[in-house]
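2 protein chains.
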Amino acid sequence: MKIAVLGGTGHIGVGIALRFAILGHEVIVGSRSPEKAEAKAKEYLDILKERGIDGKITGMKNEDAAKEAEISILAIPHEHAYSTAEGLKDFLRGKIVVSPIVPMERRGKLLLYNPPQEGSAAERLETILTESRVVSAFQTVPANRFANLDAKFEWDVPVCSNDEDAKKTVMDLINQIEGLRAIDAGPLAVSRLVESITPLLINVMIRNDIKDIGVKFL
Amino acid sequence: MKIAVLGGTGHIGVGIALRFAILGHEVIVGSRSPEKAEAKAKEYLDILKERGIDGKITGMKNEDAAKEAEISILAIPHEHAYSTAEGLKDFLRGKIVVSPIVPMERRGKLLLYNPPQEGSAAERLETILTESRVVSAFQTVPANRFANLDAKFEWDVPVCSNDEDAKKTVMDLINQIEGLRAIDAGPLAVSRLVESITPLLINVMIRNDIKDIGVKFL
Numbered sequence: 001m002k003i004a005v006l007g008g009t010g011h012i013g014v015g016i017a018l019r020f021a022i023l024g025h026e027v028i029v030g031s032r033s034p035e036k037a038e039a040k041a042k043e044y045l046d047i048l049k050e051r052g053i054d055g056k057i058t059g060m061k062n063e064d065a066a067k068e069a070e071i072s073i074l075a076i077p078h079e080h081a082y083s084t085a086e087g088l089k090d091f092l093r094g095k096i097v098v099s100p101i102v103p104m105e106r107r108g109k110l111l112l113y114n115p116p117q118e119g120s121a122a123e124r125l126e127t128i129l130t131e132s133r134v135v136s137a138f139q140t141v142p143a144n145r146f147a148n149l150d151a152k153f154e155w156d157v158p159v160c161s162n163d164e165d166a167k168k169t170v171m172d173l174i175n176q177i178e179g180l181r182a183i184d185a186g187p188l189a190v191s192r193l194v195e196s197i198t199p200l201l202i203n204v205m206i207r208n209d210i211k212d213i214g215v216k217f218l
Numbered sequence: 001m002k003i004a005v006l007g008g009t010g011h012i013g014v015g016i017a018l019r020f021a022i023l024g025h026e027v028i029v030g031s032r033s034p035e036k037a038e039a040k041a042k043e044y045l046d047i048l049k050e051r052g053i054d055g056k057i058t059g060m061k062n063e064d065a066a067k068e069a070e071i072s073i074l075a076i077p078h079e080h081a082y083s084t085a086e087g088l089k090d091f092l093r094g095k096i097v098v099s100p101i102v103p104m105e106r107r108g109k110l111l112l113y114n115p116p117q118e119g120s121a122a123e124r125l126e127t128i129l130t131e132s133r134v135v136s137a138f139q140t141v142p143a144n145r146f147a148n149l150d151a152k153f154e155w156d157v158p159v160c161s162n163d164e165d166a167k168k169t170v171m172d173l174i175n176q177i178e179g180l181r182a183i184d185a186g187p188l189a190v191s192r193l194v195e196s197i198t199p200l201l202i203n204v205m206i207r208n209d210i211k212d213i214g215v216k217f218l
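In the order they appear, the protein sequences are chains V and C. Using this note's numbering, you'd call the opening residue of the first sequence number 1 and step up by one each time. Using this note's numbering, you'd call the opening residue of the second sequence number 1 and step up by one each time.
Hints were generated in silico from the structure; no laboratory data involved. Check the hints yourself; a few may be wrong.
You can't tell identical chains apart in this list, so a pair holds if it fits in one copy or across any two.
[Claimed, not checked] DMTMM-like, lysine to aspartate or glutamate: derived pairs with alpha carbons at most 25 Å apart: (1) LYS211 x GLU154; (2) LYS2 x GLU70; (3) LYS109 x ASP184; (4) LYS211 x GLU70; (5) LYS211 x GLU35; (6) LYS42 x ASP165.
As the structure is a computational prediction, the values presented were derived from the model and not from experiment.
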């Protein structure tokens, strides 16, 4: 499939871009700057080349990436996610848009969940991208370890959507990645319960001086 | 230790009562009705006897159980938790009180997290039990499988408290139970992120027709 990782130059998107490229998908790194996107695409291709893997990764500005791809992943920090989605609305029409977005607030040393009034980042996105097929996923996958191609892991990925077909497509994609298991968590209203896990994981990591933990239901 | 399982006649408390008794702790089953508490204590002792285990479990009314014990676990449904705590306030003074309570609301077929304005059930309890040492734990441990002494599991139990010593005591107790690992999740403000996991687990179980799943961070 043609998968755009919008904001794919940041740390959230690296693992997603690399791992889908390894699986043979056509990955498009999107960024506000096409030059930055192209440079990142080259960097990711080099990482694969070092391992003798021939992937297909290109870079372009977010609008073109969204237009080109069948599925777009919004690998964008929460602060810019909604405005970016607003600007890409026309290019994402009718397409699957994956939200790994987690709205958090800092209280002293703690991170807490700070959802918008719609209930969750994913639900807010659905009010913006009214003609897209919004799917919530990847929130609890720790970015750095996921981007490390030598890392071993065994994580569950809860997936929520009000569009059953779109959810199934995203779950199938996730299940292609070794070490990930997609979990059908229901409609988008459940996304708030999934997004809440991310600040919990971060608090646990800071307090216990551990890194990059994900979650497993068992 | 002397551990009271208040509301210990319901399904939340069974596993906790049995497993602490097996470890040699003195367990007091509390209930509004002392007769019911005594009957349950006898039932639990019989379960242990069948396995050749000699535990120490007694039953009494909640007030007496709270007074007698060093640690009380509020194994009470959310609807009655706060009023019960209010009534037991004097008996729980200076003592460790463990909250496994999860406030949930139903929306159609879904369960969502419905915290009080304090942010979480545990934080609300702390505003009621101002002179107790409130610790949040056990929310994500599925009651039925935990009560089944033949069940094998490998679950993490996030523990939150504003009282570091009380938190450590509860974590040590949890770590005595085979298959449980206590996780220091920080102060009580983090409890909302832990309590949120319970409705997520229930939604996942209903949707995927599976039972009794807990959580592991890895």
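The hints, checked one at a time:
In this assembly of identical chains, the alpha carbons of LYS211 and GLU154 lie at most 25 Å apart whether taken from the same copy (15 Å) or from different copies (20 Å). For the homomeric pair LYS2 and GLU70, the shortest alpha-carbon distance inside one copy (5 Å) is at most 25 Å, but the shortest distance between copies (60 Å) is not. In this assembly of identical chains, the alpha carbons of LYS109 and ASP184 lie at most 25 Å apart only when taken from different copies (15 Å versus 33 Å within one copy). In the homo-oligomer, the alpha carbons of LYS211 and GLU70 never lie at most 25 Å apart, since the shortest distance is 33 Å inside one protomer and 35 Å across protomers.
In this assembly of identical chains, the alpha carbons of LYS211 and GLU35 never lie at most 25 Å apart, being 32 Å within a copy and 50 Å across copies at closest. For the identical chains of this complex, LYS42 and ASP165 are neighbours neither inside a copy (33 Å) nor across copies (52 Å), given an alpha-carbon limit of 25 Å.
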